[in-house]
Amino acid sequence: MTRLTFDLQPGDDRVFIDESLEQIGRIEQGLLDLERNLDARVVHEVFRAVHTLKGSAATIGHQRMTELTHAMEDLFGAFRSGTLRDFKPFADALLATVDVLRTLVAEVAAGESLTDASDSLTHQLRDLLSTGTAAAAASSKPGRSGRTPRGAAGHAGGATVAGDADGSEAESSEAAAPEKGVTNVAVAPLISRLLAEAPAGFEPRSLLICRIDPMSEWQAVRMLQLLLEVEEAGVLISTAPGREEIEAELCSSLLAMLVRGRPVELEEMRKRLATIDEVVTVEIVAAPLSGWQPDAVPAVPTVEVHGPGDAAPQLGAVRADDAGDLGPPGPVERRQADLGAEVRGLPAAERITVAGDRLKTAQQTIRIDVSRLDELMNLVGELVVHKTRLQQCAQMLAARLGDDPLAQQADEDAQLFSRIAGQLQDQVTGLRMLPIETIFNRFHRVVRDIATRLDKDVQLVIEGKETELDRSVLEVVGDPLGHLVRNSLDHGIETVEDRRAAGKPLPATIRLTARHADGRVLITVEDDGRGMDPAVFRRAVADKGIMSREEAEKMSDADALRVVFLPGFSTSQVVTDVSGRGVGLDVVRSNMERLGGWVDLASTPGKGTEVSLSLPLTLAIIGALLVRSGARICALPLTGVVETLRVKPESFRLTSGRFEFDLRDQRIPVAQLDHALGDPARPFQPNEHGFVNLVVVRSRGAEMAFAVDSLVGQREILLKSLAGVTGPRHGLAGATVIADGSVGLVVDIPALLERSTAANSGAPKKRAAAPTKRRGTRVA
Amino acid sequence: MSNGSDTSDALQIVVCELGDEHYGLDIARVIEIIRQQPITAVPQSPVFVKGVMNLRGRIIPVVDLRSRFGMPVVGPTKDTRIVVADSSSTRVGLVVDAVSEVLIVPAASLEPTPNIAAGVETEYLRGIAKLDDRLILLLEIDGLFQIEDQSPLAGAA
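Sequence order for the protein chains is A and B.
First residue of the first sequence? That's 1 in this note's numbering, and the numbers climb one at a time after it.
First residue of the second sequence? That's 1001 in this note's numbering, and the numbers climb one at a time after it.
Chain A extracted, bound-state conformation:
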């Protein structure tokens, strides 16, 4: 493959790649939407995204990407103008284009050519466009935009976009010199040109004067964004510089647009425009009703590099002549500062300038390398751990020195430090939170592609996509989810005929939902397919020799279905033949467990299957109750701790192989914590007063008490993975470094509870749908 070089500063490639992938994602989503419903708004959105992408590609000199996006843009131009009305024949080619675009973007990182499909796709899109428009022209009278089929593109970026709303701007740029060149244009000449060229009219008109960050690498792109936004609102009359000039990057940081409407009516739009990235100011000025006399602006006070003077109306000429000797635009700041003065010099009736715009109210974002964010999180974690130590030091100091001012000072400082550390932690944790949307959205495509291939009719419904997750969780949840969605498509959902025969609705539904529950995130993948039959699984485990036939029969239906999570079970020919289910579900389960999550499954034959994943919100810092159990310290995450109690062991009753005790009106199972975790059983260890320390925990409505040797206290802990240690470890979420530098084990309460109750047979004790009220955690 050939080496490629791009016109990029070191470090800018990241920006290009990120922004491009964002646009491509937007395009892909739009295509999928359009396939269902040809919505004009979505067409606009996609067009805009394609256009931006094209601009970016052209800017860095990615020739093949520019051409491909160009062809795509033309095609969407035809949809915009209404020349093309049927989207379906184009969907496959366009989605294939999206894939190739991703590869083309990857080339920027790789520095070499990774695909040779782009040229043929470009041609394919062009062919599709011309056959499509020809067919459309044949069926109706040929429209204006039928002119679109293009020859070889003469100069990069010289797009003729089908369906430009207004013809005036096309003419306005006839004079534009086709060569590329950096030019600096003052606002006054722009306006004179606009008004001189604009058809006279009596409707109220305004001037929109937009200034883009002069340091921006993407001026042309931003201008097009502005242009499209205004165009979409249907008020654009003409612009300077014209669209063609912008596309050829013959523009500077100023864009003037003549629009319909009074300034006050345009205020909303102004706000919208001001939110576009790198747009520094947007001003609205009322335009005079009729033609414009260039010499009516005799003394525009401006420090433009090239004075506006009398040459102003001949903008194109000025640029062509002066481009060469402009040199570096020296007084950029001054020009910016004087922009207001220039505008003031206009014979404008009214003028709206919002000073705040100059500070750019729009969200300012920077992209940060994820690894730096992780490192930051690590440091904050260490800080939080040491915060606790510092507080302990201050307390010890107070105990030793009493009222000594030094001790008081230490105490105050420790508290202040603790507050700041806490805020820092909140901020950093917040930085890492992202909506699950980013993961969910990719499944539109997965569902569409697989369903098409399997000839099934499936719709994907997404709920709760705004649910936020720490990115550490987010990045690992994608694969398991993909697995589950594919499983549903492959094995859960029936063919169209089968569904018809069964009288089930078409299309079939796969529902992805996410929500927060009990300090965790609950994600479900639900289908209304054929479901799973527990009887089949009972037979399968027995046939496979995993359990005896008797044991298998004794399993509850829910437990029988859960055998799909057994390692190795999935590959079993038996199951694959009988139900086709269970492919790789053990992988899903072990992935979830590594994260301190769990996976569960419920299914009704004929009705469908629901797989739910429960995950912690963050994998980093958690509040925990530290306890001593046997030879070690264990940390119980506070999210699962209900209360702590002291109980005499005499009140424990041995019922069918396990201890229970009565807590108010409930009967709660009890176990030694270390035994529950897998250590050998040992007798309860009452303290000198004859009491056993119990920690009552709760998960998914079930409660249980763990006996511990002593309570150490409540701490914030930095959760560290035990993943590299050895194999899966049920009931442990990880480990943490405790104050004395040794390692404590972090208990995964849901998993441990499940394990303990399952081990003792019988269903976990379900609390009758009582609201999750905490009974006050009494912790030393």
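If you're looking for bench data, these hints aren't it; they were derived computationally from the structure.
One or more of the hints may lead you astray.
Unchecked claim - So the derived list for chain B, only partly shown, Cβ under 7 Å to chain A, looks like this:
#1 P1038
#2 P1043
#3 Q1044
#4 N1054
Just so you know, even glycine gets a beta-carbon here, dropped at the ideal spot from N, CA and C.
Using the hints provided, position chain B relative to the given structure of chain A.
Frame of chain A, contents of chain B only:
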């Protein structure tokens, strides 16, 4: 260090002692050698995993090489050391009776592992170094730390 030094083919090893045996670890894999640390036992671990320890904020598993090789486990002495080394998947601590020296083993002294080697399964061995009258078993760290996942129904959800 008997024969000359053809360092290009030579292997530099950290020599550890377990009972009367000498074992060698490729020095490129060894990060540091530290004294006995507090180790937290982890339930459900293979028996030779003593537990985990805190290595400057990083939690690493600690393997007792004696129990790994089926030798009787003895309490720590003043010579007991933990060799912190990198396997291909993770950083581990290896508990040994003592660390005696660092040696350069010329390629000529290296021999492939015989089929039956002193009760140690051969996948943990990458060869034997014969130096003068000494035999040093060269350990393959990755093989040492390969733990079969032997949890059938036990953890079924």
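Now for the hints, and whether the structure bears them out:
| no. | hint | in the structure |
| --- | --- | --- |
| 1 | P1038 | holds (4 Å) |
| 2 | P1043 | holds (3 Å) |
| 3 | Q1044 | holds (4 Å) |
| 4 | N1054 | holds (5 Å) |
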